[in-house]
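Chains as they are written, first to last, in the numbering used here: chain A, 54 to 242; chain B, 54 to 242.
Fair warning: there could be bad hints in the mix.
Said to hold, decoys possible - With a straight-line cut-off of 27 Å between C-alpha atoms, the simulated DSS-like cross-links for lysine-lysine are:
{"no.": "1", "chain 1": "B", "residue 1": "Lys131", "chain 2": "A", "residue 2": "Lys95"}
{"no.": "2", "chain 1": "B", "residue 1": "Lys179", "chain 2": "B", "residue 2": "Lys167"}
{"no.": "3", "chain 1": "B", "residue 1": "Lys131", "chain 2": "A", "residue 2": "Lys97"}
{"no.": "4", "chain 1": "B", "residue 1": "Lys238", "chain 2": "A", "residue 2": "Lys95"}
{"no.": "5", "chain 1": "A", "residue 1": "Lys223", "chain 2": "B", "residue 2": "Lys97"}
{"no.": "6", "chain 1": "A", "residue 1": "Lys224", "chain 2": "B", "residue 2": "Lys238"}
{"no.": "7", "chain 1": "A", "residue 1": "Lys97", "chain 2": "B", "residue 2": "Lys179"}
{"no.": "8", "chain 1": "A", "residue 1": "Lys224", "chain 2": "B", "residue 2": "Lys131"}
{"no.": "9", "chain 1": "A", "residue 1": "Lys238", "chain 2": "B", "residue 2": "Lys239"}
{"no.": "10", "chain 1": "A", "residue 1": "Lys113", "chain 2": "B", "residue 2": "Lys95"}
{"no.": "11", "chain 1": "A", "residue 1": "Lys97", "chain 2": "B", "residue 2": "Lys97"}
{"no.": "12", "chain 1": "A", "residue 1": "Lys131", "chain 2": "A", "residue 2": "Lys143"}
{"no.": "13", "chain 1": "B", "residue 1": "Lys224", "chain 2": "A", "residue 2": "Lys226"}
{"no.": "14", "chain 1": "B", "residue 1": "Lys223", "chain 2": "A", "residue 2": "Lys224"}
{"no.": "15", "chain 1": "A", "residue 1": "Lys172", "chain 2": "A", "residue 2": "Lys83"}
{"no.": "16", "chain 1": "B", "residue 1": "Lys167", "chain 2": "A", "residue 2": "Lys83"}
{"no.": "17", "chain 1": "A", "residue 1": "Lys173", "chain 2": "B", "residue 2": "Lys224"}
{"no.": "18", "chain 1": "B", "residue 1": "Lys226", "chain 2": "A", "residue 2": "Lys172"}
{"no.": "19", "chain 1": "A", "residue 1": "Lys224", "chain 2": "B", "residue 2": "Lys95"}
{"no.": "20", "chain 1": "B", "residue 1": "Lys238", "chain 2": "A", "residue 2": "Lys238"}
{"no.": "21", "chain 1": "B", "residue 1": "Lys172", "chain 2": "B", "residue 2": "Lys131"}
{"no.": "22", "chain 1": "A", "residue 1": "Lys97", "chain 2": "B", "residue 2": "Lys95"}
{"no.": "23", "chain 1": "B", "residue 1": "Lys224", "chain 2": "A", "residue 2": "Lys97"}
{"no.": "24", "chain 1": "B", "residue 1": "Lys167", "chain 2": "A", "residue 2": "Lys95"}
{"no.": "25", "chain 1": "A", "residue 1": "Lys223", "chain 2": "B", "residue 2": "Lys238"}
{"no.": "26", "chain 1": "A", "residue 1": "Lys83", "chain 2": "B", "residue 2": "Lys224"}
{"no.": "27", "chain 1": "B", "residue 1": "Lys173", "chain 2": "A", "residue 2": "Lys223"}
{"no.": "28", "chain 1": "A", "residue 1": "Lys173", "chain 2": "B", "residue 2": "Lys238"}
{"no.": "29", "chain 1": "A", "residue 1": "Lys238", "chain 2": "B", "residue 2": "Lys179"}
{"no.": "30", "chain 1": "B", "residue 1": "Lys172", "chain 2": "A", "residue 2": "Lys172"}
{"no.": "31", "chain 1": "B", "residue 1": "Lys238", "chain 2": "A", "residue 2": "Lys172"}
For the record, the hints were derived by calculation from the structure and aren't laboratory data.
Small disclaimer: the values here were computed from a predicted structure and weren't measured.
There are 2 protein chains.
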Amino acid sequence: MDINFLFFNDFETLDIFGPIEILSRIENVKAHFISFQGGLIKSKQGHEIETENIATVNLKDVLVIPGGQGTRILVNDKEFISQLTILCSKAEYVLSICTGAALLAKTGLLDNRKATSNKKAFEWVKSISSNVNWIRNARWVVDNKFYTSSGVSAGMDMALGFVSDLFGVKKAKQIAEDIEYIWNKKDSF
Amino acid sequence: MDINFLFFNDFETLDIFGPIEILSRIENVKAHFISFQGGLIKSKQGHEIETENIATVNLKDVLVIPGGQGTRILVNDKEFISQLTILCSKAEYVLSICTGAALLAKTGLLDNRKATSNKKAFEWVKSISSNVNWIRNARWVVDNKFYTSSGVSAGMDMALGFVSDLFGVKKAKQIAEDIEYIWNKKDSF
């Protein structure tokens with residue numbers, strides 16, 4: 054299984070590195086760290102990560118979209134949203150963390166679906182699309198192939214939920230134990 | 054306050070990115086992402102992060118040392134341990150996560166001090182130094198300027214503990230709330 058972790062400038066660190074830690078522990082996973090432009094991408098916290106250009110990777114299987122300050126600009130970047138729509142359409146599963154849900158909502162692919170996002174940015178995310186059935190009181194929400202989580206660290210709980218759904222709760226609990234993480238439930242917030 | 058996050062090949066992702074997320078939220082913190090060689094450093098999970106050479110940064114204030122597979126080789130790398138000893142000596146506070154405590158123990162600076170580490174690698178870490186008072190049943194331990202945490206995600210709890218000790222529990226709780234993290238107590242394990 055290929056898992057593509059999408060990076061853009063001003064992404065929020067833990068949004069993406071929490072799920073990377075968890076999802077990389079699934080057997081036979083190939084993780085790719087991608088961006089639309091390739092090369093170094095800088096987080097909100099100031100560190101830079103080397104990324105592959107999306108042209109070089111397999112776009113099926115899983116796509117993970119972080120949130121962060123960068124989403125505020127990208128949500129109005131037509132070219133970015135257009136490219137993201139293609140990526141999300143090709144992926145078998147799409148996981149968004151925090152305000153990554155705003156980008157996902159902007160593609161229109163969440164229309165008439167349930168989704169959640171960061172509690173502190175909830176009104177802004179809701180304002181991006183009124184066609185989404187936004188669920189405030191949830192740590193993460195699953196609808197069809199779309200997994201959306203609440204803010205930052207909730208991405209880890211969702212990642213464990215994704216592992217549980219696809220590979221069984223035993224595997225998810227084993228990963229949580231291995232990283233000494235106390236898994237919060239889907240309906241906690 | 055300068056916080057230097059130390060990277061080496063085969064570091065464990067969440068060990069360091071959890072604390073980066075939390076400690077970067079302290080006001081007036083300047084985070085540096087450093088390594089002994091500078092340039093790109095690869096995690097156990099396969100992503101590469103750009104680092105500054107230690108020669109270019111201020112070595113006082115805070116040093117954060119992750120764990121991971123890379124520690125198994127580095128603990129026997131005399132040059133690395135010698136350089137790490139200097140870094141730790143210069144720092145006002147040293148924080149280690151997971152098996153990062155093995156590297157710290159090897160410097161001798163933990164001799165006659167209390168410390169903890171990853172529960173699943175505890176016997177190996179203990180074997181590195183019998184001069185340390187190893188505390189198994191703790192999520193993190195503080196002794197003088199040294200903060201040591203249990204495995205992977207326990208680093209986030211310790212980082213919040215560090216914030217609480219230096220800037221007050223209110224600030225730590227505010228950061229936990231902002232990232233929707235449920236802070237685990239010092240004596241949970």
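Against the structure, the hints:
no.	hint	verdict
1	Lys131/B with Lys95/A	violated (33 Å)
2	Lys179/B with Lys167/B	holds (12 Å)
3	Lys131/B with Lys97/A	violated (35 Å)
4	Lys238/B with Lys95/A	violated (32 Å)
5	Lys223/A with Lys97/B	holds (23 Å)
6	Lys224/A with Lys238/B	holds (25 Å)
7	Lys97/A with Lys179/B	violated (37 Å)
8	Lys224/A with Lys131/B	violated (38 Å)
9	Lys238/A with Lys239/B	holds (22 Å)
10	Lys113/A with Lys95/B	holds (25 Å)
11	Lys97/A with Lys97/B	holds (23 Å)
12	Lys131/A with Lys143/A	holds (19 Å)
13	Lys224/B with Lys226/A	violated (31 Å)
14	Lys223/B with Lys224/A	violated (36 Å)
15	Lys172/A with Lys83/A	violated (31 Å)
16	Lys167/B with Lys83/A	violated (39 Å)
17	Lys173/A with Lys224/B	holds (17 Å)
18	Lys226/B with Lys172/A	holds (16 Å)
19	Lys224/A with Lys95/B	holds (26 Å)
20	Lys238/B with Lys238/A	holds (19 Å)
21	Lys172/B with Lys131/B	holds (26 Å)
22	Lys97/A with Lys95/B	holds (20 Å)
23	Lys224/B with Lys97/A	holds (20 Å)
24	Lys167/B with Lys95/A	violated (37 Å)
25	Lys223/A with Lys238/B	holds (25 Å)
26	Lys83/A with Lys224/B	violated (38 Å)
27	Lys173/B with Lys223/A	holds (18 Å)
28	Lys173/A with Lys238/B	holds (24 Å)
29	Lys238/A with Lys179/B	violated (34 Å)
30	Lys172/B with Lys172/A	violated (33 Å)
31	Lys238/B with Lys172/A	holds (24 Å)
Consistency note: the structure conflicts with the earlier hints numbered 1, 3, 4, 7, 8, 13, 14, 15, 16, 24, 26, 29, 30.
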